[in-house]
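Residues per chain, in single letters:
Number of protein chains: 2
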Amino acid sequence: MPPSPSSSPPSLLARLASSASLASRLSISRLFSSSPPAMEPTEDSLRKALAGRQAAVDAQGNAVRALKAGKAPKPEIDAAIKALNDLKIEKADVEKRLQAAVSGGAGDGALTREAFRHAVVNTLERRLFYIPSFKIYRGVAGLYDYGPPGCAVKSNVLAYWRQHFVHEENMLEVDCPCVTPEIVLKASGHVDKFTDLMVKDEKTGTCYRADHLLKDFCNEKLQKDLSISAEKAAELKLVLATLDDLSADKLGAKIKEYGITAPDTKNPLSDPYPFNLMFQTSIGPSGMLPGYMRPETAQGIFVNFKDLYYYNGNKLPFAAAQIGQAFRNEISPRQGLLRVREFTLAEIEHFVDPEDKSHPKFSGVADLEFFMFPREQQMSGQSAIITQLGEAVSKGTVNNATLGYFIGRVYLFLTHLGIDKGRLRFRQHLANEMAHYAADCWDAEIECSYGWIECVGIADRSAFDLRAHTEKSGVALVAHEKLAEPREVEKLVIVPNKKELGLAFKGNQKMVVESLEAMGEEEAFQLKAALESKGEAEFLVCAMGKSVKIKDNMVNISKQKIRENQRVFTPSVIEPSFGIGRIIYCLFEHSFYTRPNKAGDEQFNVFRFPPLVAPIKCTVFPLIQKPEYESVAQLISRSLTVAGVSHKIDITGNTIGKRYARTDELGVPFAITVDSQVDVTIRERDSKDQVRVSVGEVASVVKEVIDGHRTWSDVWSSFPHHTSASAED
Amino acid sequence: MPPSPSSSPPSLLARLASSASLASRLSISRLFSSSPPAMEPTEDSLRKALAGRQAAVDAQGNAVRALKAGKAPKPEIDAAIKALNDLKIEKADVEKRLQAAVSGGAGDGALTREAFRHAVVNTLERRLFYIPSFKIYRGVAGLYDYGPPGCAVKSNVLAYWRQHFVHEENMLEVDCPCVTPEIVLKASGHVDKFTDLMVKDEKTGTCYRADHLLKDFCNEKLQKDLSISAEKAAELKLVLATLDDLSADKLGAKIKEYGITAPDTKNPLSDPYPFNLMFQTSIGPSGMLPGYMRPETAQGIFVNFKDLYYYNGNKLPFAAAQIGQAFRNEISPRQGLLRVREFTLAEIEHFVDPEDKSHPKFSGVADLEFFMFPREQQMSGQSAIITQLGEAVSKGTVNNATLGYFIGRVYLFLTHLGIDKGRLRFRQHLANEMAHYAADCWDAEIECSYGWIECVGIADRSAFDLRAHTEKSGVALVAHEKLAEPREVEKLVIVPNKKELGLAFKGNQKMVVESLEAMGEEEAFQLKAALESKGEAEFLVCAMGKSVKIKDNMVNISKQKIRENQRVFTPSVIEPSFGIGRIIYCLFEHSFYTRPNKAGDEQFNVFRFPPLVAPIKCTVFPLIQKPEYESVAQLISRSLTVAGVSHKIDITGNTIGKRYARTDELGVPFAITVDSQVDVTIRERDSKDQVRVSVGEVASVVKEVIDGHRTWSDVWSSFPHHTSASAED
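Chains D and U, in that order, are what the protein sequence lines are. Residue numbers for the first sequence follow full-length UniProt numbering, beginning at 1 and rising by one. Residue numbers for the second sequence follow full-length UniProt numbering, beginning at 1 and rising by one.
It is possible that some hints are incorrect.
To be verified - Cβ pair distances, simulated, as ranges:
{"no.": "1", "chain 1": "D", "residue 1": "631", "chain 2": "U", "residue 2": "561", "range": "42 to 48 Å"}
{"no.": "2", "chain 1": "D", "residue 1": "263", "chain 2": "U", "residue 2": "480", "range": "53 to 59 Å"}
{"no.": "3", "chain 1": "U", "residue 1": "261", "chain 2": "D", "residue 2": "535", "range": "28 to 34 Å"}
{"no.": "4", "chain 1": "D", "residue 1": "631", "chain 2": "U", "residue 2": "707", "range": "24 to 30 Å"}
Rather than coming from a laboratory, the hints here were simulated on the basis of the structure. A virtual CB, placed ideally from N, CA and C, is assigned to each residue, including glycine.
Working from the sequences, and respecting the hints, build out all of it.
See below:
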C-alpha cells in the first residue's frame, strides 16, 4: 500500500512565513496539508514521446489518405494501414504509461490508494469509529463524532500522551477555556493573519478556497489531459509547487488566466480575498466584547507564563502542556478527519534559557534511528534518510538538544501507538516556511492514502510568543537568573513624576505611569528628545485608548550604569504540538488489513491495534448458548472489570467465527472463548493462535499481556495450545 | 462549618417548567442555582419583638422627657432613665439576635462561612488549582483556568467517572463537536427557550440579570434593614421564594415598585426582556449557516440514537455517555467556579423500554442509606431524612428502579471522591419544577459555603428528546421489540397518492408526502374530516415553511387492523448529568482544613483528598541537601514513574517542615523523606504518622496504598514507626 517517501513541495506554511512572523505559530493548528501525488521522473520524457508518436500517427494517416486518393495498389495501401495501426498501438502504449505516471507514480497506485482508503473508511464508519456529526439533519461539513470504539481509541491515545509526556517530564498541565477574548488573539496575530484566500461564485455567492480551485485545475489538467505539452505540464507543476507562496493578486490572475469558474455552476468567480478562519462570537450580553473560539491551545499557556514560572519555583527549564478542543472555520473542509472544523490538540510549551538549550535526558534518545528529511535533502531532490538522532544534533542538522530530545520522544510516542516506522519521517521546514524568529522547526509527517500528512509540529519559536503578550498586556513575561557575581550594565531608567502626573491625569494616573514605564529603549529616547526640544509631547496610552500630552517635568528618562545581581530575559519556547485526530486517522490506516477466510471466498477486516490503543482489550464468548457457559463468561467478565480490563461480553447465538470476525474488525487483541467450566481459550487476534488457560487464571493472564508485563509469545510457550474444532471462518 | 440541611426554595427550574416542556432538559446545564441563606424560624417573632421593644423605648423616652419638662424630682427622673437604658439594652439584644437570625441562622455563621470560603479560595488560587482566565489582560468574568493541581484533580475525577460509570456499565461513550448547527438546538428547544431575563441601564447600556437585582434587593433589605415590619419581611421572602416563577412583566413590575436602579450608576432600568444564553457563531464562510456552542452534551447523543441502538445489537436497555465542554453566555457570572460561561459536563443517556424500567443491578445499591429529600418533606417544611434506597423505590418515592439505581451509583461516586455524606442530599423536584412529560427528577445537592448546590441531575425524561428530533428530522428514533406472538392492532394508515401530489407539487412532492406520512392520529383524522366535508384543506408542510392545498384525491387516511410481529416504540431516557466543575469546587471545600503548628502560632492549610483524587500521589524529599540522599531520591522517583505513581521530587534547601506544609496544601497524601541510603520514611498527610521502609520497597508500598490494595493502617502495623528528630513544624 505505502508509496515510498518522496519529496514534498513547500506547504501552506510558506505563504504565512512570507507574509508574517505569525507563520510558525499558526503551523500546527492549521496546516498539515497533504502533498499532491508525487510525479515519476519519466513523465516529462513520456509527454515528449507521446507528442512524437502523435506526429508520427498524423503523418502516416496523411500518407494512407494520399495513397488512397492516388488509387495506389491494394497491397501498398494495406501495408501503410498496418504501419498506421502499429503506430497507433505504440502511441496507446505511451499514453498508458503516461497515464500511469501522472496518476500516482506506480501504475494504478492512485486507484489502489483510493480503493484502500475506501475500504478503511467504510469499516470505520460502519463500526462507528467515527461518523459525520448531525447525520439525521444531513450533517455539517468538517464536523465528526467519534462513536464508541473511536472514542475509546482517542481516550487511550490521550491517556498515553499524558503518561509519555506530562508525567514522564513532570510537565505543568493546564486546562483553559475555548472561548477567548479578542485582545489575546490580537496579540498572538490570529485576528489579523489567521486567514485563507477565498473566492465567491459571483451569482450564487457560494464560497471556495481560491488555492483549492487552482490546485484542482492543475491536477486535473496534468492527470487527465494527456495532450498538453511538456512545457505546459512544467508550468502547471510550478504553479502547484508555489501555490502556497501566491499572493491574493497572483492567485486571482492565475484563476483568470486559466479561465477557472465555479465548479458547481460554471459561473464567474470574484477576486480572492482573505477570510479569517476563527469562529467569532460575542462574550456576555452587551455585544461589546468580541471573542473567538481558540484556534489552538497554546495561547492559554503563554498568558499564564508568570504564574507557571512561579509555580515551578522560578526555575527554568520547565514545560507546560494542554489537551483541548481547537476550532477552525474552514472554507471548504475536505479529507475526512484530516481537515476538520473542530479538533483536539495536545500542545507542549517547553520554556528554556535561550543561552542553554541542552537537555539532561537527551542521551536517552540519542541512539534512536529513523527517517529524517533535512532541508538540504529536500532542496537537492533527495529522499528522507535513516539518521541517528544524536548525530543529527551533534552535526547541527537539528538546532539544539532540547529540540532533538522532543523529536526523539515524539518518534517513540508515535511508534508505540502503532504508527509504521517506514511511513513516518521528520521533515525540517525550509527556510521560507519558517518565521524569521524561529530557530528551527521539524514536522512529524505520517504517510497515508492522502500522501504525507503533518501530524506533529516541533518548533523552536524563540521568544516570540512571550514577547508579543508582554508588549500587548504590559505584564513582563520574563525569567530571572541569579548571577554568580554581579555585573555592571547600562540600563534604561524611566522615573515618572507621580505627583505631576497625578495632578494632570487624576484617576488615569496609574495607566499613564504604567505606559511610561513599559516603553522600550527606542521609544523612550524619542520621547526624551521631544520633551527636551519642545517641552511636551503626545504619548499614546493604550489602556486609555488615546494619546495624552506629557510635559518635561512629568518623567525623567536616562541611561545609567547599574550593578546587576541577576539576568532578566525572555525564555525561548520549544513547542511540540500534536493534531490528535490526524494521528488517529493515520493509525487507523496503518493498522488496517484484510485476510481471507479458510475457503478463500471472503475477506475479513482487521485492525492490528496494539493493546495500548485497542478500544476494547478483550471479548468474552460462550462457545454455544448454554447457561453453564454463560455464567462462566459472566464470572470472567467480573474478574476483568475488577482488573480494570475493558472488555465486551457477547452471548448472542452467532457462530464463533462470525463473532471473532466482528471483534477483529474492532481491533480487539484477545478473545476468551468459554467451552468448559474448567478451562477456556484465549485467542490472539493477528496470529489466531489459541491457548488453554484455567477459568481462575484467565483474567490475570490477559491483564499481564495488556499491561505489557508479559508477551504473547511467552503466554504461547507457557500454556497448552488449542486447535479449534469449530471452524473459525 | 456545615450549616445543617434546610429546605430550599424552588429553583430556577420552576420558571422554565411553567413556561415550557423544555424545562427539565435544560435543568442540569443551566441551573444549579444556590439557595438563599435559610431563615431561622425565630426571625418572624424577633421582628415582632423588636417592633415591641422599639415602641417601649419610644414610650419610655417620652416619659423621661415629660418628667424632665415637669421638673420631677431627680430620683424619679434617674429611675425613669435607668428603665429607658434597660429597655434600650433589651432592644439591642433583640436587634443582635435578629441580625444573627437573618444573616445565616447561626449567630455569625454567615460571616464564618465567608471567612472559610475566603481561606479556601485564597489557597486554591495561590496554589494554581484554578485562576481567572486571561489574568494579564484583566480576565473575563465567568472564565477560569485550571492550573497544574486543579487540572490533575479534574483529570482524576473524569478518569474515575469513566471507570465508575462507562466501564462498569459498558456504556457507549461518544465524543461530538461543540459547534452545533441551529436546527439541532431548534428541535431541542434551546433556540427559543434557553433564556434568562435581562434589564439594561437605560443610560450606559450595562446589562444585569433581572432576577439577580430583585434577589439582591430583597436579601439586602432583609439582612440589613432591621426596621422593616414582619409583614414587609414576609412579602420580601415570598418574592424570593417565587423569584423563579415570575414572568417578565411581573419581574418588571416588582423592580418598578421597589424603585430598584442600576447598581453601579443608580440610573433607571429598562423593562426585563429575554436574552438567549447560547454563544452564537456562524459555520462556514457564507454566513448562511448559524450555529451555537452547545449548551449541553446530551443532544449529540440523541441525534445518534439510531446508530447507537444498532451498535448495541438493536437491544434495549443501553446507555450512551459523553464528557465534554458546554457553554452558557451568562449575563453576569457569579460564585466563582459554580456559575461559569464554559464548563465540563459528563452526561449519561440511559435508553430504556418505557414499559420496563427495572434494573438488573438495582439490588447491588438497594441497601445504601443516605439523605433524601422527597417532594412531601419539602412541601411540609421538614428536613432531608436518611432513607434506605431500596425502600424509597419500593414505596414509590423514587419512580422506578433504573432511576433508583443511578441515584445509588451517583451517591457512591460522589462519596468515593471525598464528598462529605453529611452535606450531600438527593432532592426530588417539586411538581412545578418538572416538565409535564418528566416521570421523576432528583438532584444530588452538595452543601458548600454558597448553600446547597445542584451538582448532578438525575431525571427520567420519558420519550421527549427522541420524539423532538424524530419530528424535526423526519428520521424515526425508535426501538423494536419482537413479540412472542403476533398481535392484532388498529393502526393509522396514511396512503399519499403520489401521482396526484406529483402533478400538483412537482419538485416539492417529496416534502409533502413526508409531511403527510408524519401526521399523528389526531391531525390525520382532522384532515380526513376536512377533506370529506369540503373536498380540500390547508395543510402545513414544515419543510417548505408554508401551507399547501390538499385535495381529497391526494391522500387516503384510514384505520386498519394489522397483525404486528413487533412492537415499535420511542424509548424513555433516564439522564444522570454531572456538572464536573461544581463537584470539584464542593470537593475542594469539603477537603479543606487548617491545623496549627506545634508552637500553635501559625495555621497550616491541608486538603484531605483521597489518593484517587489527589493531584500528586507522593512527594520525595532528601532530608538535607547531600549528593547521596539526592541520588537515592532520584532512584525512588524513577521507581515511582515506572509504577505509574504521579509524584514530585523536591530538592530545594527548605526545611523539611516547610516542605511538608507545602505539599499538605496541595493535598499530597504521602511524602517519602530520604535520610539514609538504606531506609527512608513514608509520612501520611492527615495523621502525620511516619514509618520506615527500605529504599527498594518504598515505591511498591506507596503504590499499593494509592491503588487501594492496602490501607495505611495496615502499613502502620507492618513497618517500624519513625519519630522525626527534625521538628516538622
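The hints, checked one at a time:
For residue 631 of chain D paired with residue 561 of chain U, a C-beta distance near 44 Å keeps the hint of 42 to 48 Å intact. For residue 263 of chain D paired with residue 480 of chain U, a C-beta distance near 43 Å fails the hint of 53 to 59 Å. For the pair residue 261 of chain U and residue 535 of chain D, the supplied restraint of 28 to 34 Å is violated, since their beta-carbon distance comes to about 47 Å. The supplied range of 24 to 30 Å is met by residue 631 of chain D and residue 707 of chain U, whose beta-carbon atoms lie about 29 Å from each other.
When each numbered hint is compared with the structure, violations occur for hints 2 and 3.
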